[in-house]
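J.: Sequence:
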Amino acid sequence: MEDYLQDSYDTCTQITKSEAKNFYYAFVTLPTKKRIAIYAVYAFARYCDDISDDPETMNRSEKFLYIRQELAESLDGKLTKNPIMPALMDTINKFQIPNSYFYSLIDGVEMDLIKSRFSSFQELKDYCYKVASIVGLISIHIFGYKDPQANQYAIDLGIAMQLTNIMRDLQEDADRDRIYLPQDEMNQFGYKEADLLAGVINDNFTQLMQFQVQRARSYFDSGIKLLDFLQDDAIGCTSILHRLYSRILDRIEENAYDVFSNRASLTSFEKITIMARFFLMSIINKINPLKQ
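Count the sequence shown with our numbering and you get residues 9 to 300, in order.
It is worth saying that the hints were derived from the structure and are not from the lab.
Incorrect hints may have been included.
With a cut-off of at most 30 Å between alpha-carbon atoms, the simulated DSS-like pairs for lysine-lysine come out as follows [as the list claims (entries may be wrong)]:
| hint | residue 1 | residue 2 |
| --- | --- | --- |
| 1 | K154 | K102 |
| 2 | K71 | K133 |
| 3 | K71 | K89 |
| 4 | K29 | K123 |
| 5 | K233 | K154 |
| 6 | K25 | K102 |
| 7 | K89 | K102 |
| 8 | K200 | K41 |
| 9 | K29 | K102 |
| 10 | K89 | K41 |
| 11 | K41 | K233 |
| 12 | K86 | K133 |
| 13 | K233 | K200 |
| 14 | K133 | K123 |
| 15 | K29 | K41 |
| 16 | K200 | K25 |
| 17 | K123 | K71 |
| 18 | K86 | K71 |
| 19 | K154 | K41 |
| 20 | K86 | K279 |
| 21 | K154 | K133 |
| 22 | K154 | K123 |
| 23 | K71 | K29 |
| 24 | K41 | K25 |
| 25 | K133 | K279 |
| 26 | K86 | K102 |
| 27 | K102 | K233 |
| 28 | K86 | K25 |
| 29 | K279 | K41 |
| 30 | K200 | K102 |
| 31 | K200 | K123 |
| 32 | K41 | K86 |
| 33 | K29 | K133 |
| 34 | K41 | K123 |
| 35 | K71 | K154 |
| 36 | K279 | K200 |
Computed from a predicted structure; not experimentally measured.
Assemble the whole structure, with the sequences as input and the hints as a guide.
T.: What follows is the structure in structure tokens.
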């Protein structure tokens, strides 16, 4: 591997180790070739997301235009100043990932600049597809899969994980004047936007959150079927991600849906325990422990 490409992969690895608080525990189970490719994808997604979330970033729409131009130039074989791009281009070429996926990811992340409310779940689902399911579709190209059915299960797992993020981050997003819970469902349960912005927890909120959790679980139940279609050396990564995010959903319930004063998260020990459980059960039973 040429020095400039190795440097690019090293940069992506450092970004992932520093920023991927949950994903990293799953990524380390992948063989080296697939692991560094996933790091490159994560680093690019993080690059886009940081621009969307940074309140100090001026002219963010222009920044996203620049990212699109940067991506287009890189796909045309031109070198850019972005240290992430050589590794990303190498990954796209090695694993034959459709270029359109990366433009869709940019479109999804950019939605945060222009859309802070979602009138229905269908609108929210479209957003989840662009910011999360697309990453799942990119990932299964790297993981390797045996049947096109894998695409739908990757989409569903991405939606499940993003819905979990949305519930976990209600307070953080409200502080940015972003409300991802569907407006029609908030109305259905009699929970007002002003209540959410004020962090009000009442029976209406609890019922609304129970409904959201139940739906996320249905997507997790579908997403777990992805394991049947992946190459063996990627099952561990996907299994651990499924378990980690399912546990965050459990934690939201355990905290009585108080996501305003008690952000649902897992300790490092809990994450390591989930990894250890997978490896132990795999060694003993030669099966995926999530599918017992």
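J.: Now tell me, hint by hint, if it's right for this structure.
T.: Quick rundown of the hints versus the structure:
Taken as a hint, the K154 and K102 pair is honoured in the structure, with Cα atoms around 18 Å apart against an allowance of 30 Å. Between K71 and K133 the alpha-carbon distance is near 25 Å, which keeps this suggested pair within the 30 Å criterion. For a cut-off of 30 Å, the pair hint linking K71 to K89 stands: about 14 Å separates their Cα positions. A threshold of 30 Å between alpha carbons decides the hint, and for K29 with K123 the separation of about 26 Å falls inside it, so the pair holds.
For a cut-off of 30 Å, the pair hint linking K233 to K154 stands: about 13 Å separates their Cα positions. Between K25 and K102 the alpha-carbon distance is near 23 Å, which keeps this suggested pair within the 30 Å criterion. The suggested pairing of K89 with K102 holds, with an alpha-carbon distance near 22 Å, which does not exceed 30 Å. About 49 Å separates the Cα atoms of K200 and K41, which puts this hinted pair outside 30 Å; it is violated.
Annotation: proposed proximity of K29 to K102 holds, straight-line Cα distance about 27 Å (limit 30 Å). Of the pairs offered as hints, the one joining K89 and K41 holds, with about 24 Å between alpha carbons and a cut-off of 30 Å not exceeded. Between the alpha carbons of K41 and K233 the distance comes to roughly 24 Å, so the proposed pair stays at or under 30 Å and holds. Only pairs whose Cα atoms come within 30 Å are accepted, and K86 paired with K133 is rejected, the gap being roughly 35 Å.
Of the pairs offered as hints, the one joining K233 and K200 is violated, with about 36 Å between alpha carbons and a cut-off of 30 Å exceeded. With a C-alpha separation of about 14 Å, the suggested pairing of K133 with K123 holds against the 30 Å cut-off. With a C-alpha separation of about 21 Å, the suggested pairing of K29 with K41 holds against the 30 Å cut-off. With a C-alpha separation of about 39 Å, the suggested pairing of K200 with K25 is violated against the 30 Å cut-off.
A distance of roughly 17 Å separates the Cα atoms of K123 and K71; the hinted pair therefore holds under the 30 Å criterion. Between the alpha carbons of K86 and K71 the distance comes to roughly 19 Å, so the proposed pair stays at or under 30 Å and holds. Taken as a hint, the K154 and K41 pair is honoured in the structure, with Cα atoms around 19 Å apart against an allowance of 30 Å. Annotation: proposed proximity of K86 to K279 is violated, straight-line Cα distance about 40 Å (limit 30 Å).
Annotation: proposed proximity of K154 to K133 holds, straight-line Cα distance about 26 Å (limit 30 Å). With a CA separation close to 37 Å, the supplied pair K154 and K123 exceeds the 30 Å bound. Simply put, K71 and K29 have alpha-carbon atoms about 26 Å apart, close enough for the 30 Å limit, and the pair holds. The hinted pair formed by K41 and K25 meets the criterion: a straight-line CA distance of about 17 Å does not exceed 30 Å.
Restraint check for K133 and K279: the C-alpha separation of about 28 Å stays at or below 30 Å, so the hint holds. Distance check on the hinted pair: K86 and K102 sit about 17 Å apart at the alpha-carbon level, within 30 Å; holds. With a C-alpha separation of about 26 Å, the suggested pair K102 and K233 falls inside the 30 Å cut-off, and the hint holds. Distance restraint check for K86 and K25: the Cα-Cα separation of roughly 28 Å lies within the 30 Å cut-off, and the hinted pair is therefore satisfied.
Between K279 and K41 the alpha-carbon distance is near 23 Å, which keeps this suggested pair within the 30 Å criterion. This hinted pair does not check out: K200 and K102 have alpha carbons roughly 49 Å apart, beyond 30 Å. A C-alpha spacing of about 19 Å is found between K200 and K123, which places the hinted pair at or below 30 Å, so the restraint holds. A threshold of 30 Å between alpha carbons decides the hint, and for K41 with K86 the separation of about 24 Å falls inside it, so the pair holds.
Between K29 and K133 the alpha-carbon distance is near 24 Å, which keeps this suggested pair within the 30 Å criterion. Proximity of K41 to K123 is assessed by CA-CA distance (about 37 Å); at most 30 Å being required, the pair is judged violated. Annotation: proposed proximity of K71 to K154 is violated, straight-line Cα distance about 38 Å (limit 30 Å). Proximity of K279 to K200 is assessed by CA-CA distance (about 35 Å); at most 30 Å being required, the pair is judged violated.
This entry does not satisfy hints 8, 12, 13, 16, 20, 22, 30, 34, 35 and 36, going by the numbered hints stated previously.
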